[in-house]
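K.L.:
If you want the building blocks of each chain, they are given just below.
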Amino acid sequence: DTGVSQDPRHKITKRGQNVTFRCDPISEHNRLYWYRQTLGQGPEFLTYFQNEAQLEKSRLLSDRFSAERPKGSFSTLEIQRTEQGDSAMYLCASNFPGTSVPNEQFFGPGTRLTVL
Amino acid sequence: AQSVAQPEDQVNVAEGNPLTVKCTYSVSGNPYLFWYVQYPNRGLQFLLKYITGDNLVKGSYGFEAEFNKSQTSFHLKKPSALVSDSALYFCAVRDIGHDYKLSFGAGTTVTVRA
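Those sequence lines, one after another, are chains E and C.
Note that our numbering has the first sequence beginning at -18, numbered continuously upward.
Note that our numbering has the second sequence beginning at 3, numbered continuously upward.
Same shape as in the complex, but just chain E (with noise of 0.2 angstroms):
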């Protein structure tokens, strides 16, 4: 399977506790991003990457919040002292950006993070 894959699927935690996600982009696409999904709502952008740079953030991305794409390969996604609002299922996408035609970002299968 040559699309976008996340690790783990699911991921129960206790409140106060820090979890940590991990994305694979399609090897080929320079571009990564991380959205956030809760219950009932379309996707919310929180940050991407392009290459190993982080060059866009949030307002959704707290400071409990930080996400690194070291090797401009995958990325991980940190979340620090969890609270039940939290609670969400995190989307990562990759993609080319395209030049003068805009390109799709293929989604992964998302991780589901619930906050007891």
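For the record, the hints were derived by calculation from the structure and aren't laboratory data.
Heads up, some of the hints might be wrong.
Cross-link-like lysine to any residue pairs, in silico, SDA-like; alpha carbons within 20 angstroms at most [as the list claims (entries may be wrong)]:
| no. | chain 1 | residue 1 | chain 2 | residue 2 |
| --- | --- | --- | --- | --- |
| 1 | C | 51 | E | 25 |
| 2 | C | 103 | E | 35 |
| 3 | C | 71 | C | 28 |
| 4 | E | 38 | E | 19 |
| 5 | E | 38 | C | 103 |
| 6 | C | 24 | C | 69 |
| 7 | E | 38 | C | 14 |
| 8 | C | 60 | C | 102 |
| 9 | C | 51 | E | 78 |
| 10 | E | 38 | E | 55 |
| 11 | C | 24 | C | 72 |
| 12 | C | 79 | C | 16 |
| 13 | C | 51 | E | 21 |
| 14 | C | 103 | E | 43 |
| 15 | C | 60 | C | 89 |
| 16 | C | 71 | E | 95 |
| 17 | E | -8 | C | 42 |
| 18 | C | 51 | C | 18 |
| 19 | C | 24 | E | 66 |
| 20 | C | 103 | E | -8 |
| 21 | C | 103 | C | 32 |
| 22 | E | 38 | C | 102 |
| 23 | C | 51 | E | 43 |
| 24 | C | 24 | E | 22 |
| 25 | C | 24 | C | 100 |
| 26 | C | 103 | E | 32 |
| 27 | C | 103 | E | -1 |
| 28 | E | 38 | C | 97 |
| 29 | E | -8 | C | 44 |
| 30 | C | 103 | E | 49 |
| 31 | C | 24 | E | 21 |
| 32 | C | 24 | C | 8 |
| 33 | C | 103 | E | 34 |
| 34 | E | 38 | C | 100 |
| 35 | C | 103 | E | 41 |
Position chain C against the provided structure of chain E, taking the given hints into account.
P.N.:
Only chain C this time, still in chain E's reference frame:
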């Protein structure tokens, strides 16, 4: 800021009947619009996009969408729905000037009954 609205939370149709999922957008400038579908426990799958050109865009799985600039709409359509089309559908717009960001609607749940 760019945004999209999906006015219907749910759409129910009988198999074989036409399916329409509505989307309206608000942008400054020319819109880049997308439709995605999400099946349970799976990520979003790209269906089609409108960038420029023909107002009728054809996509995957027999879906098409009609761009209407005067009504600021981008409705998703399928002439004959299948039970397997039952899923959650999202309309999205790419922010002008922020080519990294998609803004999604809240989604429309489609149920196709046999």
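K.L.:
Each of the hints needs a verdict: does it hold here or not?
P.N.:
Tested hints:
no. : hint            : result
1   : C:51 with E:25  : holds (19 angstroms)
2   : C:103 with E:35 : holds (13 angstroms)
3   : C:71 with C:28  : holds (11 angstroms)
4   : E:38 with E:19  : holds (18 angstroms)
5   : E:38 with C:103 : holds (11 angstroms)
6   : C:24 with C:69  : holds (11 angstroms)
7   : E:38 with C:14  : violated (38 angstroms)
8   : C:60 with C:102 : violated (24 angstroms)
9   : C:51 with E:78  : holds (14 angstroms)
10  : E:38 with E:55  : holds (18 angstroms)
11  : C:24 with C:72  : holds (15 angstroms)
12  : C:79 with C:16  : holds (14 angstroms)
13  : C:51 with E:21  : violated (23 angstroms)
14  : C:103 with E:43 : holds (18 angstroms)
15  : C:60 with C:89  : holds (19 angstroms)
16  : C:71 with E:95  : violated (41 angstroms)
17  : E:-8 with C:42  : holds (17 angstroms)
18  : C:51 with C:18  : violated (24 angstroms)
19  : C:24 with E:66  : violated (30 angstroms)
20  : C:103 with E:-8 : violated (26 angstroms)
21  : C:103 with C:32 : holds (15 angstroms)
22  : E:38 with C:102 : holds (11 angstroms)
23  : C:51 with E:43  : violated (32 angstroms)
24  : C:24 with E:22  : holds (16 angstroms)
25  : C:24 with C:100 : violated (25 angstroms)
26  : C:103 with E:32 : holds (16 angstroms)
27  : C:103 with E:-1 : violated (27 angstroms)
28  : E:38 with C:97  : holds (15 angstroms)
29  : E:-8 with C:44  : holds (15 angstroms)
30  : C:103 with E:49 : holds (18 angstroms)
31  : C:24 with E:21  : holds (17 angstroms)
32  : C:24 with C:8   : holds (6 angstroms)
33  : C:103 with E:34 : holds (16 angstroms)
34  : E:38 with C:100 : holds (12 angstroms)
35  : C:103 with E:41 : holds (14 angstroms)
In the structure shown, a violation is registered for the earlier hints numbered 7, 8, 13, 16, 18, 19, 20, 23, 25, 27, in ascending order.
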